Amino acid sequence: MWHFVSPNIVFGEDALRSLEELTGKRALVVTDNNLVRIGLAERVTSYLIKAGFKIQVFDKVEPDPTLQTVINGARAANEFKPDWIVGLGGGSPIDAAKAIWVLYERPDLQPAEINPFIKLGLREKSRLITIPTTSGTGAEATWGIVLTDAENQRKMGLGNRENVADIALVDPAMAAGMPPHLTADTGIDALTHAVEGFICTWHTDITDGLCLNAARDILQYLPQAYEASQSENPDQDHYKKAREKMHNAATSAGLGFGNAMASMAHAMGHTLGSIFHLPHGRAVGLFLPYTIEFTALHAPQRIEELAAALGIHSPKGKAGQALASCIREISRGVGLPGKIADAGVEEGEFNSHLDKLVDDAFNDTQMITAARTPSFQELEQLFNAVYHGQPVDF
Amino acid sequence: MKYKFPSDEWAKKLRELLNESDSYQRSAKDWEGDFIFVIEPDEAYPHTSYLHLELYHGSSPGAALVKEDELPETEFELKAPFSTWRKVIEGKLDPIQGMMTRQLKLKGDLMKIMRYPKAAQEIVSCCAKVPTEW
Numbered sequence: 001m002w003h004f005v006s007p008n009i010v011f012g013e014d015a016l017r018s019l020e021e022l023t024g025k026r027a028l029v030v031t032d033n034n035l036v037r038i039g040l041a042e043r044v045t046s047y048l049i050k051a052g053f054k055i056q057v058f059d060k061v062e063p064d065p066t067l068q069t070v071i072n073g074a075r076a077a078n079e080f081k082p083d084w085i086v087g088l089g090g091g092s093p094i095d096a097a098k099a100i101w102v103l104y105e106r107p108d109l110q111p112a113e114i115n116p117f118i119k120l121g122l123r124e125k126s127r128l129i130t131i132p133t134t135s136g137t138g139a140e141a142t143w144g145i146v147l148t149d150a151e152n153q154r155k156m157g158l159g160n161r162e163n164v165a166d167i168a169l170v171d172p173a174m175a176a177g178m179p180p181h182l183t184a185d186t187g188i189d190a191l192t193h194a195v196e197g198f199i200c201t202w203h204t205d206i207t208d209g210l211c212l213n214a215a216r217d218i219l220q221y222l223p224q225a226y227e228a229s230q231s232e233n234p235d236q237d238h239y240k241k242a243r244e245k246m247h248n249a250a251t252s253a254g255l256g257f258g259n260a261m262a263s264m265a266h267a268m269g270h271t272l273g274s275i276f277h278l279p280h281g282r283a284v285g286l287f288l289p290y291t292i293e294f295t296a297l298h299a300p301q302r303i304e305e306l307a308a309a310l311g312i313h314s315p316k317g318k319a320g321q322a323l324a325s326c327i328r329e330i331s332r333g334v335g336l337p338g339k340i341a342d343a344g345v346e347e348g349e350f351n352s353h354l355d356k357l358v359d360d361a362f363n364d365t366q367m368i369t370a371a372r373t374p375s376f377q378e379l380e381q382l383f384n385a386v387y388h389g390q391p392v393d394f
Numbered sequence: 001m002k003y004k005f006p007s008d009e010w011a012k013k014l015r016e017l018l019n020e021s022d023s024y025q026r027s028a029k030d031w032e033g034d035f036i037f038v039i040e041p042d043e044a045y046p047h048t049s050y051l052h053l054e055l056y057h058g059s060s061p062g063a064a065l066v067k068e069d070e071l072p073e074t075e076f077e078l079k080a081p082f083s084t085w086r087k088v089i090e091g092k093l094d095p096i097q098g099m100m101t102r103q104l105k106l107k108g109d110l111m112k113i114m115r116y117p118k119a120a121q122e123i124v125s126c127c128a129k130v131p132t133e134w
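Residue numbers (my numbering), protein chains in the order written: chain Y, 1 to 394; chain D, 1 to 134.
Check before you lean on any hint, since a few could be wrong.
[Unchecked claim] Covered, in the sense of this in silico footprint (three residues per stretch, anywhere, with C-beta under 8 Å from a C-beta of chain Y), are these stretches of chain D: (1) 22-29; (2) 68-74; (3) 103-112.
The set of hints was computed from the structure by calculation and includes no laboratory data. Keep in mind the model is a prediction, meaning the values are calculated, not measured. Think of the CB as a built atom: it goes at the ideal place given N, C-alpha and C, for glycine as much as any other residue.
Here chain Y stands alone, though its shape is the one from the complex:
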């Protein structure tokens, strides 16, 4: 027995316009100050105002939102009393919006208490809309919430199936202005979701197709979307198509892995990102080819299936290396680092944090769904291999 949860997904050109049809009185928009500055928040609020809403904008969400940020956001919600909460942004504002919504509905809970084993009883006061402005996190379609425990420099995997959004508005125009580095970081994040959603031990018949299709589209369209982000004429049809394909693929991958799980690359990326403050997508994408190689040595079946379905041909027993090589090529093409040493992490700093990196990754929730479970020593070896860009042959 398992569940598949999904928002009502409104997608494609002008999806944002559907906000005009929304019924309600008060909307709290949870976002970051950059999206206010570049005018994306106003595009959303203008439709809501047309629909007759009173608006409040909470724009205090930082990258990797902390427990305190969502407590502050819940306080804003309690004062404003919205009947809709709108999460607008990349993964950070959307995850913050989910947590703020839960705490607004359930003021008896602390953020760290939002877990999948309890009944939350949401939707008594308000409902949630998610609007992604990047093509990567899939947070618009998932129930997971990642918050940062700033005190312990640790990311916390929280969430409950009930806190999946009611509506996700997946409008490619909202992500069309992403600069190159954001296009690359979020695109590789989406690829990591698709691949890990397919190879993790919690994959299902329902999620496999979503992950597979997303992986195929990302491999095909991420290079063009990256090119579009550098182009002086990004409105050419093929660029717009690439952007839209990436936007839809990110949501599909979110639905896929969000109803299965991610895996080792996420466990390791979470810990690296929280200590060295690397963007989430860059951190998890950095590990992906290495964890594929590691897994394929002892648990190759799902990787062989994925590589074959993606049309990546290889000699028998080499599917892991072939898939990893394909991902490395894509990453390199969009300017992403291939090893931790190239991601701005100084070796002495890395070594001084190695015990914590291994310890936290070993105890990350995403580690429990790894098709090949590493020992503590293997995990340390793997971190070192990724730091130096060495092949994984153990």
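Given the coordinates of chain Y, assemble chain D onto it according to the supplied hints.
Using the frame of chain Y, we list chain D on its own:
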């Protein structure tokens, strides 16, 4: 040799395997909190049984089958019908998924459990290594 589930011998074999597990010791090095596993009756097993598992800082100081009127106070209780336990021990049901779908009912500090998913996985992994007679 096989150990009947649930029994005192089965619990003690689990304890032995936990204490031999480097992964468990690493992942639960700060853990404090005993468990009672409640095995509820169903069509395959007519009784309610209780296994007490002591857990402290990456090791298991003790484990035993206990009677209802001798149940110790524990921080956690994990309850499921016999057939569900069998699925978990045979690796057919992931315990975290079991808890998420309420097939396994957990009482205790859920936030604390969420911080130690790997340790929970290692306990089940050791359960699966006990040669079990059903």
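Each hint, compared with the structure:
| no. | hint | result |
| --- | --- | --- |
| 1 | 22-29 | holds (count 4) |
| 2 | 68-74 | violated (count 0) |
| 3 | 103-112 | holds (count 4) |
Violated hints amount to a single one, hint 2; each of the other numbered hints is respected by the structure.
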